[in-house]
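There are 2 protein chains.
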Amino acid sequence: MEDPIIRFISQYITLTGEEKELLKGQNVIRAFPRDTILLAEGDSPRTCYFVIKGCVRAYYLKDGEERNTDFYFEQQTIVPINYNTDRPSPHFLACLEDCMLAEGDPERNRKLLEQIPALSKMVGQLNEQLLTQKTIAFDQFKQHSPEERYQLLLENQPELLKRIPLYHLASYLGITHISLSRIRKRLAQKNNGRHQ
Amino acid sequence: MEDPIIRFISQYITLTGEEKELLKGQNVIRAFPRDTILLAEGDSPRTCYFVIKGCVRAYYLKDGEERNTDFYFEQQTIVPINYNTDRPSPHFLACLEDCMLAEGDPERNRKLLEQIPALSKMVGQLNEQLLTQKTIAFDQFKQHSPEERYQLLLENQPELLKRIPLYHLASYLGITHISLSRIRKRLAQKNNGRHQ
Numbered sequence: 000m001e002d003p004i005i006r007f008i009s010q011y012i013t014l015t016g017e018e019k020e021l022l023k024g025q026n027v028i029r030a031f032p033r034d035t036i037l038l039a040e041g042d043s044p045r046t047c048y049f050v051i052k053g054c055v056r057a058y059y060l061k062d063g064e065e066r067n068t069d070f071y072f073e074q075q076t077i078v079p080i081n082y083n084t085d086r087p088s089p090h091f092l093a094c095l096e097d098c099m100l101a102e103g104d105p106e107r108n109r110k111l112l113e114q115i116p117a118l119s120k121m122v123g124q125l126n127e128q129l130l131t132q133k134t135i136a137f138d139q140f141k142q143h144s145p146e147e148r149y150q151l152l153l154e155n156q157p158e159l160l161k162r163i164p165l166y167h168l169a170s171y172l173g174i175t176h177i178s179l180s181r182i183r184k185r186l187a188q189k190n191n192g193r194h195q
Numbered sequence: 000m001e002d003p004i005i006r007f008i009s010q011y012i013t014l015t016g017e018e019k020e021l022l023k024g025q026n027v028i029r030a031f032p033r034d035t036i037l038l039a040e041g042d043s044p045r046t047c048y049f050v051i052k053g054c055v056r057a058y059y060l061k062d063g064e065e066r067n068t069d070f071y072f073e074q075q076t077i078v079p080i081n082y083n084t085d086r087p088s089p090h091f092l093a094c095l096e097d098c099m100l101a102e103g104d105p106e107r108n109r110k111l112l113e114q115i116p117a118l119s120k121m122v123g124q125l126n127e128q129l130l131t132q133k134t135i136a137f138d139q140f141k142q143h144s145p146e147e148r149y150q151l152l153l154e155n156q157p158e159l160l161k162r163i164p165l166y167h168l169a170s171y172l173g174i175t176h177i178s179l180s181r182i183r184k185r186l187a188q189k190n191n192g193r194h195q
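For the record, the sequence lines run as chains A and B. Just so you know, we're using numbering that gives the first Met the number 0 here: the first sequence kicks off at 0 and counts up by one. Just so you know, we're using numbering that gives the first Met the number 0 here: the second sequence kicks off at 0 and counts up by one.
In short, the hints are calculated from the structure, not lab data. Incorrect hints may appear among the rest.
Said to hold, decoys possible - Simulated pairs of lysine to aspartate or glutamate, EDC-like, Cα-Cα distance not exceeding 16 Å: (1) B:K120 to A:E113; (2) A:K141 to B:D138; (3) B:K52 to B:E18; (4) A:K52 to A:E65; (5) A:K141 to B:D62; (6) A:K141 to B:E65; (7) A:K141 to B:E64.
Said to hold, decoys possible - Partner residues aside, some chain B positions facing chain A, computed with beta carbon under 7 Å: (8) L130; (9) Q132; (10) Q139.
We put the beta carbon where it would ideally sit given N, CA and C, even for glycine.
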């Protein structure tokens, strides 16, 4: 099987055989059991991740409650908000499933960019892509009602709904557990009505 | 007065005298009267902007209603969602005030990057910064109630509230006009109570 990191990078730039060997030799892949806290609020984030297998959840603690803001799956990069600063992290990162993650830190990344300069082109394209995705997601969130948001998830990312437990979904949709239950009940009734 | 574009770029990279002259000679600054539609839904966005003076509003049309998603002020860059693709724009861009904007297009930007290679470093840093800002804004939006969102705006960006008419603010906060009126009434009563 091809190295997942090399497969990911090859979407953006063409790597030479030598560069591929260099990347394989990095030895940065680690296994983390489910519920591992990768980053806690107040920590200084010095690690970024690339998800090889599993799911990582980003959340904030507000009034003692966890508010989920992001779920990261296979082939996605995780750059904590304050990774590029020396400020403490406002959020947590935790493994929602058993995970295989590739880790990066500023020093290692700097060295890699020196050794494989084309990587900076990839980082640029990736950031541009992530910015566009984030903007679209935020714009859609603002425009839609909680019920519409849930329906969009059902339609566009059904596989995501299979992997995220319901009790983690409400805050991600910006609503309470009770509202989410009501929405699901209403939609189930509507669908039953349609099938009769 | 120093050229606003050069002032902006100099926050990121050091420009030589020659490069400054090159930038000054670009002649890309244009005036747009208030209410000019810079980009309409369905158009192919081929222009990005830098706000020298004024305010630009991004909005979507949903069920015949305008839903505001972003307001851009002085010293901010505007890159439409589909600027880097050939897909039609899902949103509009309109001048909320009389504006002075610097315009860029992919061809001109490509040439400039060739002539001033250090600019690509700026673009990289800028995208990274914009991604972080967008992520923080989205995370906060999800975590806060509409009333809290309005209060945060009052506390952190009072100058923004002075320039955005109230009827444009409700959809930006993800609520209806009626809800915003109720929130403002409730806060006014609370503040009156506090001052008595």
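Results of checking the hints against the structure:
1. B:K120 to A:E113: holds (14 Å)
2. A:K141 to B:D138: Answer holds: K141 (chain A) to D138 (chain B) is near 12 Å, not above 16 Å.
3. B:K52 to B:E18: Violated, at about 23 Å.
4. A:K52 to A:E65: The hint is violated at about 24 Å.
5. A:K141 to B:D62: holds (14 Å)
6. A:K141 to B:E65: holds (12 Å)
7. A:K141 to B:E64: Roughly 13 Å between the alpha carbons, so the hint for K141 (chain A) and E64 (chain B) holds.
8. L130: holds (5 Å)
9. Q132: Violated. Min distance 10 Å.
10. Q139: violated (9 Å)
This entry does not satisfy hints 3, 4, 9 and 10, going by the numbered hints stated previously.
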